Amino acid sequence: MPVPTEIAAPDDPAEALAAVVALRRLADRLERAAVARAIDEGWTWQQVAEALGVTRQAVHKKHAHSRV
Amino acid sequence: MKIKNPIKDMRTIKEILTSAEDAARRAGESQPGAEHLLLAALEHPEGSARRAFERVGADPDAFGAAVAEQHVGALRTLGIEPPPEETLAPPPEAKPSRWYRANASLQSAFKRAGELARDDGTWLKGAHVVAAVAGMEHGSAARALRAMGVDREALAAAAAAEARAAPPR
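Protein sequences appear in the order of chains V and F. Residue numbers are given in the working numbering: position 29 of the first sequence equals residue 17, and the series is strictly consecutive. Residue numbers are given in the working numbering: position 68 of the second sequence equals residue 56, and the series is strictly consecutive.
The shape of chain F in the complex, shown without the other chains (with noise of 0.2 Å):
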């Protein structure tokens, strides 16, 4: 199926994946992996992302503190305490390069919403990146939203229908 608007298509995804290495870099890491572009879609004013969110009663603010607290989590199983924030190093500055640079994650889930989008004959939405991110089974995601007490099926299921119900911006 072709793309309805090509011009939207790019601005969303461009803005997505610009917002995704914004919160890698907030959060200290040099490239954004699938959690930080589930972050970005849920920012991104065209609203599709957190209204799916909201479909299965799910805060759409509290996903960002949701992956913070699964790595501190994580450490703590191996009886580390992590180090104070402030005595860990700034954000990396962004590195000016002609590629985006990400981890497989991000790739992955970015491929699949993109997937998503063809399939409903649609401009890349919020809501196929939700789709994308919790058809993943294991990672920094999936544990986070594990923690926040989401079903990812039925996440991924309102996020489909989010998907085809949002009307164009």
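Bound-form chain V, shown alone (with noise of 0.2 Å):
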């Protein structure tokens, strides 16, 4: 059985807004290094779009540019 992770907030809301920057970054760093894995794996922007949850403009405008 998957062991759930705990992730409470810090009570200080400075904390608390200082982690949410940090785990936006990390997730904008994460989905660059996924998207730009699918694309050279063969997946279509649509296909992406579709896993990411958005739209296929959207995908494609954030990431295309790093990928011509």
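Source of the hints: derived by calculation from the structure; they are not laboratory data. All values derive from a computational prediction rather than experimental measurement. Among the hints, erroneous ones may be present.
Unchecked claim - Distance condition first, Cα-Cα at most 30 Å in a straight line; then the derived DSS-like pairs of lysine-lysine:
#1 F:Lys99 / V:Lys49
#2 F:Lys2 / F:Lys83
#3 F:Lys99 / F:Lys2
#4 F:Lys99 / F:Lys83
#5 V:Lys49 / F:Lys83
#6 V:Lys50 / F:Lys2
#7 F:Lys2 / V:Lys49
#8 V:Lys50 / F:Lys99
#9 V:Lys50 / F:Lys83
Dock chain one against chain two, each of which comes alone in its own frame, and use the hints as you go.
Next comes the structure, spelled out in structure tokens:
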């Protein structure tokens, strides 16, 4: 059985907000790596968009410039 | 008050902004924030930003690492150990654009730095950027400065004094 990861936001608002910033930053970097890998492996932009739950236009606009 | 040397002013501004973009990209971020603007000012050969740091006994070369460390520390408060750098995406490519794209924190710091320079009646110096960023209470730059043990008010005062003292290039 998978062990659930407990994520408890820090009580201090400044700490909690800084954690959100760091998470967004990490998520952005993970997204770029994952999208690049999917495209390299032959995924279409439409498939990547579906997997991310966003429109093809959105994913293309955000990532295509680094793939040309 | 008039800007005394608009050509020099424009060149310093352009170099600092371009270097802030590079600093953000090296950190794996697509848009620069106030922390990257400060890093750029500290790297600029004009030197007044570095001298402002040195006035309060802070190491200008330690700021970049302090920013990175506070991101890691913030993730750890959530119980998340950040993955190794090499597994993350390489820095984003420069996106050709007619506009300068930056986070709100950079825009606000840059605007304030420009106001400080105008009040001093000089071209924009790195020390004005230091004073502007030191005036920000929250955000990545403020947290990194705190982690370095830098008193923001003391740094802002030192930067203001440096901005008035620094000889023009």
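Going through the hints against the structure:
1. F:Lys99 / V:Lys49: Holds. Lys99 of chain F to Lys49 of chain V sits at ~29 Å (cutoff 30 Å).
2. F:Lys2 / F:Lys83: 17 Å, holds
3. F:Lys99 / F:Lys2: Holds: Lys99 of chain F and Lys2 of chain F sit about 14 Å apart, inside 30 Å.
4. F:Lys99 / F:Lys83: 23 Å, holds
5. V:Lys49 / F:Lys83: 11 Å, holds
6. V:Lys50 / F:Lys2: 25 Å, holds
7. F:Lys2 / V:Lys49: The hint holds at about 27 Å.
8. V:Lys50 / F:Lys99: 27 Å, holds
9. V:Lys50 / F:Lys83: 10 Å, holds
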